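Colleague: Since the structure of chain A is provided, determine the placement of chain B on it from the hints.
Chains as they are written, first to last, in UniProt numbering: chain A, 1 to 254; chain B, 1 to 254.
To be clear, the hints were calculated from the coordinates, so they are not data collected in a lab.
Predicted model, so just to flag it, every value in this text is computed and none were measured.
By construction, the Cβ of each residue, glycine as well, lies at the ideal position given by its N, Cα and C atoms.
Be aware that a few hints might be false.
As the list claims (entries may be wrong) - Below, a list of computed lysine-lysine pairs in the DSS-like style, where the Cα atoms sit at most 25 Å apart:
hint, chain 1, residue 1, chain 2, residue 2
1, A, Lys250, B, Lys177
2, B, Lys177, B, Lys189
3, B, Lys189, A, Lys250
4, B, Lys239, B, Lys189
Unchecked claim - Computed from the model, here is a short list of chain B residues facing chain A with C-beta under 7 Å:
hint, residue
5, Tyr35
6, Ala134
7, Asp184
8, Arg247
What the hints assert, rightly or not - The calculated label-pair distances, taken between Cβ atoms and stated as ranges, are:
hint, chain 1, residue 1, chain 2, residue 2, range
9, B, Arg236, A, Trp173, 15 to 25 Å
10, A, Asp214, B, Arg204, 29 to 39 Å
11, A, Asp241, B, Ala16, 27 to 37 Å
12, A, Arg236, B, Glu148, 36 to 46 Å
13, B, Asn55, A, Arg56, 40 to 50 Å
14, B, Arg236, A, Arg236, 30 to 40 Å
15, B, Arg183, A, Asp139, 25 to 35 Å
16, B, Arg209, A, Ala211, 39 to 49 Å
Number of protein chains: 2
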Amino acid sequence: MSGRLYVIGTGPGNPAQMTPEALAAVADAAEFFGYGPYLDRLSLRPDQIRHASDNREELDRAKTALTSAVAGANVCVVSGGDPGVFAMAAAVCEAIDHGPSEWRNVDLVVVPGITAMLAVAARIGAPLGHDFCAISLSDNLKPWNIIENRLRLVAEAGLVIALYNPISKARPWQLGKAFDILRDVLPAKTPVVFGRAAGRPDERMTVARLADADASSADMATCVIIGSAETRVIARETKPDLVYTPRFIKEGAR
Amino acid sequence: MSGRLYVIGTGPGNPAQMTPEALAAVADAAEFFGYGPYLDRLSLRPDQIRHASDNREELDRAKTALTSAVAGANVCVVSGGDPGVFAMAAAVCEAIDHGPSEWRNVDLVVVPGITAMLAVAARIGAPLGHDFCAISLSDNLKPWNIIENRLRLVAEAGLVIALYNPISKARPWQLGKAFDILRDVLPAKTPVVFGRAAGRPDERMTVARLADADASSADMATCVIIGSAETRVIARETKPDLVYTPRFIKEGAR
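Bound-form chain A, shown alone (with noise of 0.2 Å):
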């Protein structure tokens, strides 16, 4: 008979932000497959078999994964954030779509985490607080046109961007570029929240104007989130600055 298959998200990395739900498949597991640095977060008992793999072997990982699951396991796939935005549940269910039948009858079970963009948000006030988009900017996934076009068309319609994947030392200039497009598009006072290892000892939230907005504020660990014309920023003489969206758009507004 079939293991269970968890694919849990650890949230950002603050254990505080780790569901019970979460914690509850880790104890039931046996073996677990992921990034070695997400694995790093999950407090194992010696009798947990740890499977550290490196960050673009994610179907690969899936496959192996699904194998020991079928062959009676109860594991654990281990993404960081949530598993279903832009990690370990959508390589599980494509390596299930074009596996073995079996894979099919396997207990999938999915547990959502805290996603870096609400981890961000929370921590600079509610810039996610109207409608919004969450857009990978790794051209590794997606061809750098269908990029471009899509972040044209959601700051056209007024959509708060959170971008996943900003920049890493094989993409060092997409970031810049995406920022140039939406200067096209939105007002020079647009707020932008470079929110590094959100909840983590190493966090850091900058603002920046989009006018100014400079790639080299963000890093891989760095969810960038860019405002709509809407956005606000609240200036506090004691605390750093706020940036909320409002939840009402008025008569005439875009």
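Modeller: Using the frame of chain A, we list chain B on its own:
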């Protein structure tokens, strides 16, 4: 000296999806402000005070909570799901933005939670596995023509769409009209997920094709997720179908 003002999310209603961070905020607060059914999700001590208010009184609730915090109490404003997604964090920021200057010095702590679309996505596979957006269908919050424009643009952009506040007694026709608009842009077979009360005892998940999607399948407790042209359904013999959006988009797609 001012007290602390927490704004927390309970998650979608399954106690195992509420974070330790949110529970710690509850333990630290003396007064609680929120919509009654959300306050009902908390286990309060006899010394903790509950101020339930109607779902439509968000700004008044935020002002009352800020007033209590300035007077020195640790208070907790309670949202369902995540407080930053169509919920109380934006209402509290609005109140601070337009309120007396001492409100800016309140120690505001927003605690993220599992928002409905993540919980629904987890129960059905990985429909949010690539770029996606969250749009409130409530035309109490913005003019209907803006909603129509946003739906068209995000569908043209190829984003998966999570609809919050899809339907209510006062807004009976909007979801059907939204489906009509999306049918002009998206393929007839695009999967539509009606995710009701994810993780709660009265959970109900159904999947339709966009061509056949019926607005009466949704109620106020439903988050509706409409796929992109890339979104796929995996039929399973012994289990419910899975819905997922692949991580990769090939050259030549939109």
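Colleague: State for each hint whether it applies.
Modeller: Status of each hint after checking the structure:
1. Lys250(A) - Lys177(B): Measuring from Cα to Cα gives roughly 21 Å; hence the hint holds.
2. Lys177(B) - Lys189(B): 18 Å, holds
3. Lys189(B) - Lys250(A): 35 Å, violated
4. Lys239(B) - Lys189(B): Holds, at about 21 Å.
5. Tyr35: 15 Å, violated
6. Ala134: Hint on alanine 134(B): holds, closest Cβ of chain A at ~6 Å, below 7 Å.
7. Asp184: 15 Å, violated
8. Arg247: With Cβ-Cβ at 5 Å, under 7 Å, it holds.
9. Arg236(B) - Trp173(A): 15 to 25 Å: Taking Cβ atoms as reference, arginine 236(B) and tryptophan 173(A) lie about 43 Å apart, which means the hint is violated.
10. Asp214(A) - Arg204(B): 29 to 39 Å: Given a distance of about 47 Å, which is not inside 29 to 39 Å, the answer is violated.
11. Asp241(A) - Ala16(B): 27 to 37 Å: Roughly 35 Å apart at Cβ, these two residues keep to the hinted range, so it holds.
12. Arg236(A) - Glu148(B): 36 to 46 Å: 37 Å, holds
13. Asn55(B) - Arg56(A): 40 to 50 Å: Between asparagine 55(B) and arginine 56(A), where Cβ atoms are some 45 Å apart, the hint holds.
14. Arg236(B) - Arg236(A): 30 to 40 Å: For arginine 236(B) and arginine 236(A) the Cβ distance comes to about 52 Å; the hint is violated.
15. Arg183(B) - Asp139(A): 25 to 35 Å: 31 Å, holds
16. Arg209(B) - Ala211(A): 39 to 49 Å: 44 Å, holds
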